[in-house]
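Using the sequences and the accompanying hints, generate a full structural model.
Number of protein chains: 2
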Amino acid sequence: MGSLHNQKPEIKTGFPGSIIKPLDPEEFRRQGHLVIDFLADYYNNVDKYPVRSQVEPGYLKKRLPESAPYDAEPIEEILRDVQNDIVPGITHWQSPNYFAYFPSSGSIAGFLGEMLSTGFNVVGFNWMSSPAATELESIVMDWLGKMLELPSEFLFSGGGGGVLQGTTCEAILCTVVAARDRVLRRIGRENINKLVVYGSDQTHSALQKAAQIAGINPGNFRAVETSRSSEFGLTAEAFRAQIESDLKLGLVPLFLCATIGTTSSTAVDPLAPLCAVAKEFNVWVHVDAAYAGSACILPEYRHYLDGVENADSFSFNAHKWFLTTLDCCCLWVKDPSALVKALSTYPEYLRNKASDAKSVIDYKDWQITLSRRFRSMKLWLVLRSYGVANLRKFLRSHVKMAKNFEGLIAMDKRFEVVVPRNFATVCFRISPIEIGGNRQIVSKEEAANNLNAKLLETINESGKIYMTHAVIGGVYVMRFAVGASLTENRHVILAWKVVQEHANALLNSSS
Amino acid sequence: MGSLHNQKPEIKTGFPGSIIKPLDPEEFRRQGHLVIDFLADYYNNVDKYPVRSQVEPGYLKKRLPESAPYDAEPIEEILRDVQNDIVPGITHWQSPNYFAYFPSSGSIAGFLGEMLSTGFNVVGFNWMSSPAATELESIVMDWLGKMLELPSEFLFSGGGGGVLQGTTCEAILCTVVAARDRVLRRIGRENINKLVVYGSDQTHSALQKAAQIAGINPGNFRAVETSRSSEFGLTAEAFRAQIESDLKLGLVPLFLCATIGTTSSTAVDPLAPLCAVAKEFNVWVHVDAAYAGSACILPEYRHYLDGVENADSFSFNAHKWFLTTLDCCCLWVKDPSALVKALSTYPEYLRNKASDAKSVIDYKDWQITLSRRFRSMKLWLVLRSYGVANLRKFLRSHVKMAKNFEGLIAMDKRFEVVVPRNFATVCFRISPIEIGGNRQIVSKEEAANNLNAKLLETINESGKIYMTHAVIGGVYVMRFAVGASLTENRHVILAWKVVQEHANALLNSSS
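Each protein sequence line maps, in turn, to chains A and B.
Residues in the first sequence are numbered from 1 upward in steps of one, following my numbering.
Residues in the second sequence are numbered from 1 upward in steps of one, following my numbering.
Derived by calculation from the structure, the hints in this document are not laboratory data.
Honestly, I wouldn't trust all of these hints.
[Claimed, not checked] Below, a list of computed lysine-lysine pairs in the DSS-like style, where the Cα atoms sit at most 30 Å apart:
id	chain 1	residue 1	chain 2	residue 2
1	A	Lys454	B	Lys353
2	B	Lys21	A	Lys403
3	A	Lys194	B	Lys194
4	A	Lys353	B	Lys444
5	B	Lys400	A	Lys21
6	B	Lys61	A	Lys353
7	A	Lys497	B	Lys21
8	A	Lys358	B	Lys464
Computed from a prediction, not measured in an experiment: that's the story for all the values here.
Structure follows, in structure tokens:
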């Protein structure tokens with residue numbers, strides 16, 4: 001008898017014997033159930049992990065082999081390695097103690113929708129390649145448009161239409177390219193270097209990157225200055241002044257990205273006056289509500305979208321605060337033909353009767369890529385599994401928790417909320433103070449910035465909660481963004497205790 | 001007592017009582033198991049569905065309500081609707097009888113990897129946001145690069161590196177933009193309209209679209225003609241002639257996309273001579289092996305990549321024929337800094353110690369979007385679950401099935417293989433013949449094209465198998481692409497019977 005030591009464990013890989021069956025249904029069932037349990041256990045324990053990963057750069061290279069294995073390995077062993085090697089390197093966006101960036105809100109329905117879409121694994125570039133993928137997308141985009149009370153011109157039922165992109169970066173790039181070509185068809189390609197793209201100094205970097213990819217002259221990107229007086233929203237006056245100065249230079253105003261809920265401080269650009277100026281100068285307005293768009297299904301928040309009727313396109317990320325899991329950016333346009341003219345290709349190998357007859361939507365012409373996943377499945381599941389009522393409840397619960405956090409801050413005079421809270425994100429800091437050890441080499445504000453940066457880093461290093469920062473009008477703030485699906489009020493209360501404890505330690509050590 | 005009629009069924013939505021728990025672990029477990037079983041049953045039955053969906057445009061609108069539901073609906077009801085309303089509108093890419101376009105090969109490992117990635121739901125834009133997502137990606141891209149025997153300059157270990165994009169369209173767009181900016185930094189932005197992008201008339205439409213998005217003058221896109229004499233590969237001579245003619249016009253050659261395995265006929269562009277010409281004129285060469293790249297892990301196919309050592313970038317789609325499920329495009333570049341210079345943004349709210357120290361990779365600067373899914377998870381699971389040995393076996397089994405199909409064609413003198421088979425895709429047709437009822441109003445070739453188009457449509461309408469077409473050198477061909485994960489040789493034999501039966505019926509009716 002051979003020694004146990006030399007016996008290889010039996011490997012179940014879905015390849016019984018010499019037949020290769022990578023999609024064997026019963027093996028799929030067995031392994032699928034294993035992973036569901038693995039993830040359910042993960043959610044049960046996720047509050048116990050350090051929220052921000054504590055590994056050092058290069059940690060994983062030390063743990064994994066240099067090459068892919070020659071032979072198959074069993075799923076049980078792989079899952080052990082996921083737990084031991086991968087989980088420590090994960091920053092736990094699903095932790096109830098996660099308050100960084102913006103949330104990446106997962107949900108059961110979003111997860112199941114992704115499973116179904118991955119399971120069917122269709123490549124829905126055109127209608128024909130899987131009619132349900134196209135039609136479900138058009139239907140749920142109209143559903144969602146109605147929930148947001150978007151003007152009918154943005155819905156299919158009103159001559160516009162919606163499409164699911166991966167991220168806002170793609171939505172902006174597609175609309176910049178559509179706007180670019182609409183203008184260049186009129187003024188000639190040779191004028192591409194005259195086109196100007198506008199945002200504010202608070203606009204997401206996605207705009208600058210999209211303009212850059214689309215070949216807009218980097219010298220013609222305008223990040224118009226905002227200030228505290230307008231709560232860091234872009235004013236119509238500043239926008240107009242910038243346009244007029246560009247026109248004097250012989251440039252051609254092209255595109256404005258207005259934001260509902262900026263990344264740094266959830267500031268809101270005033271749509272109505274901005275769109276009025278844009279209309280005057282024939283500028284395409286895209287409304288980026290990546291984070292805050294979700295909240296606009298609440299009647300009490302809908303007013304932020306007033307004026308959108310004069311915009312050309314609107315997008316928000318359902319993967320941020322609308323439970324669909326990454327990635328799912330909802331984009332509506334009033335004039336789909338502008339997208340199609342800029343992005344359409346129709347090679348022979350994709351020709352088919354339905355497309356020839358123009359009786360269907362081929363979403364490949366509304367986006368950057370040809371291949372596309374069946375993303376509407378998860379959005380459909382989220383809308384049905386929770387319904388409008390529960391989605392509103394979910395969003396309101398986060399706003400309420402953010403308000404509670406504000407209330408806690410207000411009770412500690414060392415701290416202040418730096419800009420008014422619009423949604424469920426609170427920007428706060430330790431107020432500038434005379435610190436004992438401070439020899440006034442730096443200004444009070446600069447000292448406060450350094451102090452808050454130090455506080456944030458010690459908090460994040462503790463692993464108990466995770467927040468990120470922004471600098472708004474020169475002020476370094478900690479951002480407390482409520483929105484993780486597992487977060488409850490008790491986590492918010494605990495988070496505040498963590499902040500206070502670290503502030504105590506820091507202020508005591510520096511006094 | 002109230003009537004049963006008025007009682008609403010108890011709805012389990014993961015929102016027990018008034019508490020909103022969209023990620024309740026035990027409800028996740030319950031619903032997750034339901035969907036695993038749903039999909040396992042789907043795979044058990046997928047061969048029984050019509051492969052190409054038989055619905056008419058607009059079918060789904062008639063079945064679904066006009067608005068999202070106000071109240072939550074139970075998962076059991078939603079799954080019933082998926083079965084009744086969605087499945088009929090799906091073209092079953094996972095069917096063993098699917099031979100259309102290129103495969104979208106799903107697998108248990110790919111699916112599980114997607115589950116884990118969706119379950120963790122991290123947004124891995126930079127290293128800090130989830131170190132494991134970045135590090136695993138770099139590691140598996142080096143693993144895979146070694147499996148393909150890519151020159152070390154493409155690997156991290158050799159100064160280059162790999163990144164996972166969604167699709168080849170993105171890979172090409174990113175490299176076009178990197179190449180564009182590298183040249184414009186030298187010759188000035190004002191010359192953007194002089195840049196020329198090259199492919200052949202067989203190159204995927206992704207190239208034209210990428211050039212278009214990147215702001216390349218549409219008049220400067222060259223689809224260089226190929227012919228039967230070079231088996232529809234782009235010759236170095238034709239490429240050189242086109243460059244020389246462009247230089248005479250004062251234009252600036254920028255970018256060549258060479259293809260290993262074209263979409264229409266899996267033709268191969270000869271890399272070595274093309275790269276030699278490109279080098280002479282300082283042209284960026286991207287190698288698009290979207291479909292056939294997978295096969296190059298087979299020693300007997302690796303020679304197709306000979307010459308890649310002089311290219312600048314290389315990509316293939318692991319979601320096509322490498323079991324990862326959509327989407328997963330593997331891109332390697334020799335000079336990551338060219339990507340980073342063109343695509344990097346670094347706003348304050350993303351600043352962190354690791355990025356500041358430049359001690360890590362921030363993949364956001366290697367791609368179009370900021371947010372990115374944890375795609376390396378599924379690639380890692382595929383590589384480990386199957387191992388190099390089984391992956392080779394899997395690919396070879398498809399090549400063998402395609403050979404068998406060729407053998408069946410050869411035994412029926414009415415048919416012919418139109419271009420030599422390189423991988424697992426066979427391009428064939430009914431040969432041009434004198435048809436009784438044909439009054440010679442159209443040429444023999446044109447009649448053959450019409451006949452084959454008609455044959456293909458009747459085959460696809462039957463729902464028994466699904467193939468698509470291409471037109472190569474004026475010849476209409478049916479493409480038989482083996483690669484669906486569930487396909488076995490018996491399905492290939494049956495497919496050939498379906499082709500023969502429909503040909504019999506068609507030829508008899510027209511004689």
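The hints, checked one at a time:
With a C-alpha separation of about 12 Å, the suggested pairing of Lys454(A) with Lys353(B) holds against the 30 Å cut-off. With a C-alpha separation of about 20 Å, the suggested pair Lys21(B) and Lys403(A) falls inside the 30 Å cut-off, and the hint holds. At most 30 Å may separate the alpha-carbon atoms for a hinted pair to count; Lys194(A) and Lys194(B) meet this at roughly 16 Å. Of the pairs offered as hints, the one joining Lys353(A) and Lys444(B) holds, with about 24 Å between alpha carbons and a cut-off of 30 Å not exceeded.
The suggested pairing of Lys400(B) with Lys21(A) holds, with an alpha-carbon distance near 16 Å, which does not exceed 30 Å. This hinted pair checks out: Lys61(B) and Lys353(A) have alpha carbons roughly 20 Å apart, not beyond 30 Å. Under the criterion of a C-alpha separation no larger than 30 Å, the hint pairing Lys497(A) with Lys21(B) is consistent with the structure, at around 24 Å. Taking the CA atoms of Lys358(A) and Lys464(B), the gap is about 26 Å. The hint holds against a cut of 30 Å.
The structure shown violates none of the earlier numbered hints.
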